[in-house]
Every structure is written in structure tokens, then in C-alpha cells.
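*Asks:* Protein chains in written order, with the working numbering: chain P, 173 to 310; chain C, 173 to 310; chain G, 173 to 310; chain W, 173 to 310; chain A, 173 to 310; chain L, 173 to 310.
One or more of the hints may lead you astray.
Because identical chains cannot be distinguished in the list, a pair is counted as satisfied if it fits within a single copy or across any two copies.
[Unchecked claim] Listed below are the simulated DSBU-like cross-link pairs for lysine-lysine, each with C-alpha atoms no more than 35 Å apart in a straight line:
1) K237 / K204
2) K295 / K265
3) K222 / K295
4) K310 / K204
5) K204 / K222
6) K249 / K204
7) K265 / K204
8) K226 / K265
9) K204 / K236
10) K222 / K310
It should be emphasised that the hints constitute simulated quantities derived from the structure, not laboratory data.
There are 6 protein chains.
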Amino acid sequence: MVYITRREHFSSAHRLFRPEYSDEENMRVFGKCSNPLWHGHNYVLLITVKGEPKPETGFVMDLKKLSQLIEEKVLVKLDHKNINLEVDFMNGKLVSTENLAIGIWEELEPGVCASGAILHSVKIEETENNSVEYFGNK
Amino acid sequence: MVYITRREHFSSAHRLFRPEYSDEENMRVFGKCSNPLWHGHNYVLLITVKGEPKPETGFVMDLKKLSQLIEEKVLVKLDHKNINLEVDFMNGKLVSTENLAIGIWEELEPGVCASGAILHSVKIEETENNSVEYFGNK
Amino acid sequence: MVYITRREHFSSAHRLFRPEYSDEENMRVFGKCSNPLWHGHNYVLLITVKGEPKPETGFVMDLKKLSQLIEEKVLVKLDHKNINLEVDFMNGKLVSTENLAIGIWEELEPGVCASGAILHSVKIEETENNSVEYFGNK
Amino acid sequence: MVYITRREHFSSAHRLFRPEYSDEENMRVFGKCSNPLWHGHNYVLLITVKGEPKPETGFVMDLKKLSQLIEEKVLVKLDHKNINLEVDFMNGKLVSTENLAIGIWEELEPGVCASGAILHSVKIEETENNSVEYFGNK
Amino acid sequence: MVYITRREHFSSAHRLFRPEYSDEENMRVFGKCSNPLWHGHNYVLLITVKGEPKPETGFVMDLKKLSQLIEEKVLVKLDHKNINLEVDFMNGKLVSTENLAIGIWEELEPGVCASGAILHSVKIEETENNSVEYFGNK
Amino acid sequence: MVYITRREHFSSAHRLFRPEYSDEENMRVFGKCSNPLWHGHNYVLLITVKGEPKPETGFVMDLKKLSQLIEEKVLVKLDHKNINLEVDFMNGKLVSTENLAIGIWEELEPGVCASGAILHSVKIEETENNSVEYFGNK
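Chain P with its partners taken away, still in its complex shape:
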């Protein structure tokens, strides 16, 4: 078993809030991350896939194909978008980085599986100091 990781980026706007709360309640719970006119981040995305290297290529999975899969399933939806308003797989969810990692896992898992590899983790670095990692439902 070898683990390979592809690093990608997206720059998006978002807001942490619950629609049933007032702006004041949201500010109390979520602080400045709840600014009603949005804020944004350069998110760093690290996708780790595992498997046996294939004898004919030496690859667990061609990293160019993994990069294309991430582009098609995740980045086209997230990059230069408003995560709360424009991203189908986050519809109706609280846009915490935790929930975003779970959402990205679900978008990627079938495609990684179809390639013959196993999705191991989805890591998101929201800032230099804050990151989240999800290893699937286990």
C-alpha cells in the first residue's frame, strides 16, 4: 500500500451562519466569520489516495488523472465561487471547513474508486493556521 497526495487550490467566498439566527446571534456564535457581506479564503486542498503501485506504470493512480478528477468534480464548483450560494453539494449545509471536507469526500470518492484506488483523506487548509482532515465515515 502506497499513499499519494495531490495538492490543489481554490479561492472562494463564504460565511458561517445559521439562517434561523439573527445577525447578532450569528456574530456571537461565529464571530467575524459570520460577516453578512461575506469574506473569503485561498483554500489549499490535499487529496490522498492509496493502493498498490501498478506494475505497468509504477503508479498507485496517475496524479494527472487525480488532478483532473479533482478539477472536474470539485474545483469547477468551488473556485472563484460563493460556497454558500453557488455550490450544489453544500446546499443547505453550514459552510464550516469540516462540512466542506465531508462534502468534497463525497464528490471524489466514486471517481477514485472507479480508477481502482482508494480515497484515504481530504485535507483542507483554510489559512496557514487552521486546517481540517476527513478520512471518511469510519
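Given the coordinates of chain P, assemble chains C, G, W, A and L onto it according to the supplied hints.
*Replies:* Chains C, G, W, A and L only, in chain P's frame:
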């Protein structure tokens, strides 16, 4: 003459667009950076100040005071805000990183000058790959 | 289960040595890290906590609260201090990065537990090239 | 159990190809990484070793000794070399980063074991965006 | 005058040597960088362009267009190539990073000028520790 | 004229203080950087040298020789030392990063000059966020 640099961060939403253009024209000129529902970045801000080290402290300017000045004049206005809608010194301007650097220079220059040092440059890294630096009106 | 990581910093002086050794013996065992007049580092501290995201916030644990906990329990004791002489939880211990990671774990574990999350790991990067990670007593 | 990691570098030339394929077939499978006149990388190597800190030093393993072991067993063979043509432990293998990680594991494992610690993982960052990690045959 | 910088990458093989020297003489002068079977690097390329921001875009030069220019004039020739054997603008030159920076300047200067901006500098980071910067013939 | 930069590191203890002040006065002026039992940093040192590339090597100055010069003149004195107590060229000076940069300039300038190149700047990054650069007495 010694140069000192303080690095700070802010996370904001913005959009590149001209109000007199249609969304299509804005997309043609500014691409995905013109997304009408905003996107955002983790901006890295590097402020460089120059002067003679003072004999009693060995400092050109106390970096903690430079950091406070940046916080009070710039970061409270920009961090976790929408640069197009909420930042007074960018009011009515195209929110390019170039114009943002010039705006930040104007916010900081009087305070740096009052401390007895000279503002040398304002550098903004919008992403790992794109940055802008302004050395004042010369 | 989702894992969240907060990155913090502290800058401290320390020395590797055993009091029962002579300076020569300490130099032979610990090399330049045993310099009797101290040396120091910018330590990077990465604290990882795991748990289920809470439905009302989407958070495993509020990263601002995790940051405050690290500040109160660890950074106020370590930052801009001499680890051998001024840090209660390292009293009488060899100040290796391994032992420092174990000490920090013990300082943080009760507070993370009280917040309803689980401390997963304490990682310390002493330099760009040397790091240590501790996952608790298991 | 504590985990320690040493970060090292090597700069090498290589090529992804299968000798039984034509240049065209190699280009189709491996893309530009198959350029017949070679290309190269600054590889970052992260070696993680685990064990109990020894009471007399506080170390799992002296990081200077780990660094020397990596230098002697791995870097002298790889650094400023052509991995396909000059590295004995990659002889006859496809030079994928996956296979390189497995090869480095086999070079290092006996020496780490002899020091009383356990080799935990070999991680190679081929570029900022592509990395591979191997945890041994399990 | 505002300065904008675009960061790009290329991964190439090269060798430092003079054809009129023997391998031994080359090794004496250039050390391991003269390995006859090549070595390679991940080069980081930083291109800085200066000018007045244009009123209609707020841009000194559209960074996407600068990126395309670098891609077309420089990266297609260098990336995943052997700099000594395959790069027309380095033909017959010693492949030092200094000479490479001068060569890249000459490739880029006409295109930057045609866009209405001024090429300010070409910086190449060959490794984390070694870099070169060229500001043109002045 | 081409500029080359070598990046080095040193890890040292220091303290900001004036001996004629009480501990309280030092704390008021220098804050936690004045801790009487020291603190320390991983300093990053960037030395930039300029000149014409020599036709026979393509080098402004052999970066290995620049690295050796920095090692012999600066790093052996600073690395794993107490800058206030053990570094001859800082004797009797306030150990601000500004003064340290000037001190390092004076240590390096004759050796760079003897090699036929020109010392351009000494930059010290004390932390990720604080840095100082000195361009000589002009």
C-alpha cells in the same frame, strides 16, 4: 538606513468589475475574478519601513508598534470584510490588487511618518503565485 | 470523525544536558545543543483534535477556543521563556523535543476533553528539518 | 511511542519510461515525464521513525544520527545523480515516486532497526503539488 | 509605478560543464553539479513587471496574460526538458542559473514591452537555498 | 550585473535589554523580548551578492564558496550560541535584529570583496512575520 518588514494577513471577499459593464463584459475582461456573487482570498501583507536604528532601542521602528498601526489603520477595515462594499478607502475604486496596495499605502503613510520612520513599500500576495508591490508615488 | 489542526508558535531558549554530566560529557552526547549559555528556536506547534462536527456549528471544536486553550495552557508558559528554567511542566526533565511534546500533551488533554473533543496529536517542528509528533500514551 | 521526522533534500534527473515501449508509447502513458533526454526535480525526503524516548537522552533516536544514516544510505546514491542510470537500488525498476519511496524504505530499514527505533514512513515530495508516502509492507 | 510578480515552475535536467574540460576538470570546478549523466531541479521562476495601473482594469498587466506569455516563451521550452541539450536560447552557453536568468529575460522582454508594461526582474530559485535575480542590462 | 542569494540558518538565544535599565524598564521598552533568562529564534539569513557572471564559470560567485564564507565568518560564531554573551562582533551592542544585520554585513564584506563580487544585502528573518534587511552604509 535599515529596512524592516512586518508580515500580516487578512481574509476578504471581493470582485473585479466595472459597474458600467454588463456581467458578460465583466467576465470577458476580468474572467472568473468577476463572479457576481464574490470570491475571496487569504491576502498576505508585507509592510516595509526604513530608517536609522535608534541608539536607545536598536530599532528602526518597534515592530509591535508597526503591527498595531497596520491593525488599526488597515486590518480592522479589511479582515473578514467585503472589499468592494465595506472598505471606505476602496470606495468607488476598482478592487485590483494594484489599487488595494496604493490604498493601503495611503492609510499607513502618515502613521509611519509620525513614528519617525519612512514607509518604503506595501506588498500584497493575493495567492502563492500572484503578488503586487507599491513603493509610493515616485 | 473529523480532525482539525491549529498551528501556533513560540520562541524559547533551551539547552540539552544532564546535570550529572560535565560540560564535556554533555557536549559529547548532545553536541552544540548542549551549549551552556543556551540557544533557542522558533518552535511551530500543531495541535490536532478530533470528533464529530456539532450540528449547530458544523465545528468539531471552535478553532478560536482551541487557540485560546493552547495560549493559556502552553504558550504563556513557553513563549519568550527559558524552557529549562522557567516552565513548570518541564521541571526536572531533559528538554528534548520528544519530552516537550509529551509535556504539552499533558497540559492540553484535560481542556480538550472538557470541550467534548478528543486530543489526537501534538506535533512540534523545532526547525524546518526536525520535528516530533506524539499521539498520547497508546 | 513518539514519532520523529527528519527532512532532507536531493536533486536528481530521471525519466518515466518502459524500455519495451517506443518513445511514442512512453509519451502516451507517461506524458512529458517520459522526455528521452531526462528532466529532474528537487526531491524533499521526510523520514519518520518511532519509539520510546530513551531516559538518558530524551531522544527516540538522535536526529543527527538519523540524518547521517539517510546521507550514507540514500543521499550519496541519489543526490545530483541520474536515478535511472546511476542508483543501484532502482536498477531495472520503473522510476515512479512510489517505487522510489519503496526503494528508500529498504535502504534505511536495517539501519533504523539497528539503532533501536522503528522506521514508520518514507515520504517524498516530488513537487509542491505531488507527494508519495510509504509505511512499509503492511 | 506598481510592480506585479508572477510565480511559475519548471522541472528540468541540466549539467554545469565546459566541453573543453575533461570530466575531472569539470568536477574540480563545478563539483557534483557537473555529473556527466545529469541531475535536475524544480526551478521556481518569479517574473516582475512594472507600470502604471490602467484606469479601465486597475491592472499594470493582466497576470493571466503575463502567465500565458511566460508559458509560451519560456516554460514550453524548459519544463521537463534537458536545458543543455533541448533549449534553443541556452545553446552553446554554460547552464549556470545566472546565464539562465539572462536568457529568460531576453525571451520575455519583447512580449512584456508589447503589452505596454516594463520587465523589471527575472528571479530563479534553483533550490530553497540558492537563487539568482537579473534586472536587465543596466 | 546579476544578483545571487544564499539562504542559511542559525538557532541562537538572545535578549533585548540595556544594562543601565532595571528589569522593569527593560520589560516596558522591549516587552517579552527582554526576558532576563533569555529566549531564542531560528534565524533565516539571506546574503545577496552581485557582479558580472564570470565567462569561465557562468557564476557571479560560486555559491558553495559564499556558503563557506558565511559559515566561517558568521555561523560558527552565532549558531547554537547566546548572541549577547558569546558573539564577539555583537559585544557591547544592543542585540536588535537591525544591529545584528549590520554586524553580519561587516563580518562578510571583506571576504565577498576579496572574491571579486560585491555584497548587496544582508537580510535576517527572525520569525515568519518579522524581518530586517541592510544594504550597507549608503
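*Asks:* Which of the numbered hints above does this structure break?
*Replies:* none
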